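S.K.: Each chain is listed here by its residues.
There are 2 protein chains.
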Amino acid sequence: METFATRGYHNASLAEIAERAGLTQAGVLHHFRSKAGLLTGVLDLRDQSDIGTLGEERPRGLAFLRHLVETAARNAEREGIVRLYAVLSAESVTEGHPAQDYFRTRYEGLRGLLVEALTEAGELGEIDEGIDPVAAASAVIAVMDGLQVQWLLAPEAVDMAAVTELAITALLGRPLPEAD
Amino acid sequence: METFATRGYHNASLAEIAERAGLTQAGVLHHFRSKAGLLTGVLDLRDQSDIGTLGEERPRGLAFLRHLVETAARNAEREGIVRLYAVLSAESVTEGHPAQDYFRTRYEGLRGLLVEALTEAGELGEIDEGIDPVAAASAVIAVMDGLQVQWLLAPEAVDMAAVTELAITALLGRPLPEAD
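Taken in order, these protein sequences are the chains called A and B. Following the UniProt record's numbering, the residues of the first sequence are numbered contiguously, the last one being 180. Following the UniProt record's numbering, the residues of the second sequence are numbered contiguously, the last one being 180.
If you are wondering where the hints come from, they were derived from the structure by calculation, not from laboratory data. It should be emphasised that the depicted structure is a prediction, and the values quoted were computed from it without experimental measurement. By construction, the Cβ of each residue, glycine as well, lies at the ideal position given by its N, Cα and C atoms. Treat the hints with caution; some may be incorrect.
Partial list, computed: chain B residues near chain A (C-beta under 7 Å) [claimed, not checked]:
id, residue
1, 86
2, 87
3, 138
4, 146
5, 149
6, 167
Generate coordinates for the entire structure from the input sequences, incorporating the hints supplied.
M.R.: Take a look at the structure:
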């Protein structure tokens, strides 16, 4: 994770990764077959602590949006994960990148989760009718992603959680519930 | 520009760039000294059509925010520029990347421009007092950046201009003026 985060996928070398893991390159390839396979393994590992895997357990309605703000706050304590995600998600749009399908599917899934949560919030009477859940979903994900790059370049100038909450409450036209 | 956009900086080869430009590698290096120098040249070229260079000529107050929405609309017609920017801005947070200072300075400058425009909008009575221009500036830039990655991966699923306008009007609590 550290090597992909600090160098990006293309510029990461298997030799460096093997050395940091105390393995030979052949040892790494025995477990992951290729550098692309290793990247997939890293992304799977990252997903284990991720909102995308909350599934049926995720908070309902606006509580899910509060959960996203808490994720942004937690991200400010784990720069390596943020860097990994920011670098690889953007690098994934380059030609033939092995994580391109991963990120395309991931964004589809995230937009879907947000649309569900916003639709629930509407049904629960937590937000006004007339809010377009599809557009709001894209906007919420975009602001979280965009803040990561600004924060990585100037951590003292950007408060990811505060600005995420500002954007979400603005989009919804009302404050989020407090955390449990 | 095309090679950096489709491959990223680290994965771009001078040999490919030289061939596409109809030059030898020595010819490219004669003009730009190094791959890093070439990247700087490409970023300078990109800036010539960019909001960051509007300087004193930029629209005042909310008209500047309208200009940003128009930029997002225009970006949907120039995928190569969007890809170049999305890939390089995120890749710039990797260790020792030659465009790291460029993007750090660029984001500082963009946030500064937005803060100025929002402060003007407050003075002109175009927006309510109580809007934090610094946080709103980060949010507007973030949503535009984040949408680019989503759009590059799924252009049919994301309307950059519409979602940018939605986010800005939500943050400001009122509609933007129409374009001139």
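S.K.: Run every hint past the structure and note whether it holds.
M.R.: Now for the hints, and whether the structure bears them out:
1. For residue 86 of chain B, the suggested interface contact is upheld, since its CB lies about 5 Å from the closest CB of chain A, less than 7 Å.
2. Evaluation of the residue 87 of chain B hint against chain A yields a held restraint, the C-beta minimum of about 5 Å falling below 7 Å.
3. Here the hint on residue 138 of chain B is kept, as its CB sits about 5 Å from the closest CB of chain A, short of 7 Å.
4. Evaluation of the residue 146 of chain B hint against chain A yields a held restraint, the C-beta minimum of about 3 Å falling below 7 Å.
5. Taking 7 Å as the C-beta cut-off, the interface hint given for residue 149 of chain B holds, the closest approach to chain A being about 6 Å.
6. Because the smallest distance between the Cβ of residue 167 of chain B and any Cβ of chain A comes to about 5 Å, under 7 Å, the interface hint for this residue holds.
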